[in-house]
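Chemist: Each chain, written out:
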Amino acid sequence: QSGRLTVDADRAELDESKGFSVYSGNVQLRQQNIALTGDRLTVSRPDAQTLTATMVGEPARLTHQPQGSDAPVIATAGTMTYDTRSRVLTLEGSARIERGADTLSADRIEYNLTDQRMRAAGGESERVRITIPAPELPDSP
Amino acid sequence: MSERKSRLRMSALTAPGIPLLAVAIMGAVGISLLRGERSTPEPLTAPPPDARSFLADMSLRRFDEQGQLVYRAAARRATYFADGSLALSDVGLDYVGGQDGVWTLRSPSGRVPPDQDRIELSGSVDVHGQDDTGVPVDFTTSQLLVELPTEQLRSNTAVDLTTPDQRLQAIGLVASFDGTQVRLLNQVRAQINE
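These protein sequences, in sequence, are chains A and B.
For the first sequence, the numbering used here assigns the number 1 to the initial residue and increments by one for each residue that follows.
For the second sequence, the numbering used here assigns the number 1 to the initial residue and increments by one for each residue that follows.
Please keep in mind that the hints were generated in silico from the structure rather than gathered at the bench.
A portion of the hints provided could be inaccurate.
Stated by the list, open to error - These stretches of chain A come out as covered by chain B in the derived footprint (C-beta under 8 Å, 3 or more residues):
1) 6 to 13
2) 41 to 54
Unchecked claim - Below are the SDA-like pairs computed for lysine to any residue, each with C-alpha atoms no more than 25 Å apart in a straight line:
3) A:LYS18 x B:VAL135
4) A:LYS18 x A:THR79
5) A:LYS18 x A:PRO46
6) A:LYS18 x A:THR6
7) A:LYS18 x B:THR163
8) A:LYS18 x B:GLY172
9) A:LYS18 x B:ALA56
10) A:LYS18 x A:SER44
11) A:LYS18 x A:ALA48
12) A:LYS18 x B:PRO136
13) A:LYS18 x B:GLU151
14) A:LYS18 x A:THR131
15) A:LYS18 x B:THR180
16) A:LYS18 x B:ARG189
17) A:LYS18 x B:ASP100
18) A:LYS18 x A:GLN31
19) A:LYS18 x B:THR104
20) A:LYS18 x B:HIS128
21) A:LYS18 x B:GLN181
Unchecked claim - Residues of chain A clear of chain B, computed beta-carbon distances all greater than 10 Å:
22) THR63
23) GLY68
24) THR84
25) SER94
26) ARG99
27) ASP102
28) GLU110
29) ASP115
30) GLY123
Even glycine gets a Cβ: it sits at the ideal position worked out from N, Cα and C.
Could you build all of it, start to finish, from the sequences and the hints given here?
Modeler: What follows is the structure, given as structure tokens:
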């Protein structure tokens, strides 16, 4: 487990009986080296060990500063679902991840926050696209 | 009354073999009991202005027109005023909203206004409750309205709320009497344990 989540928002509604809380308005979720922002966050507990946080925004946005890496990973999508047990963030709806100059965009991307591996899936609206800029060649003599 | 006292003294004096001192004490006790004297009553504190009646260690249950319990209240002191309002100190409140009410409230002071449709609690208000599946939800605030018509608890001040796996701080809260709805209104900060 990677520790406590901190959520800031304008409003919150608790529904402990159904096991979830909904935060809305300028929502920011922080946990160690990740920060999610968006308009509406639903935190639910499918079971005692798992906590799921689903952020919706226009777009929802992730900033992840991997340990030992200078370049932060920036991601945007319509919906982001974070599973605190697997530490996998699922991006859906115009999903896009940038790391330095590299970008990956698709309908759906799974991003593992522990090892930074990504898995992308295209859909009707968008195919998977990876952009890795070519290194600059020295000027020909 | 004085003739009876002298007869008592005469009979005490003539009792054979009782030392004179004991007789005197018995006589003195006899006289004071006959006169009905007791230790001087405690001084009455001046009532607040417009106070009409005052209760100490009060327990109150309020019912609606159908005879259903609306709430149960206890207070160390309750003062009724000319305008029909009621001031309470050291207040305990439960069964708010009847048998299904899940909240137990404690507060240093409270007030029931003349129209009686709400209870205003102030000071450090402690609220303990649970939702409809028994998950405990507790919170503290400095002012809380118990609104009977809407069957809601309502605060507009800072709230500190805890459940088994999270702590939330906010400004303002609305909670239904049956605990199915708890909303935090502004500036929410949640600390959620994984």
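Chemist: Looking back at the numbered hints, which does the structure fail to meet, lowest number first?
Modeler: 9, 14, 24
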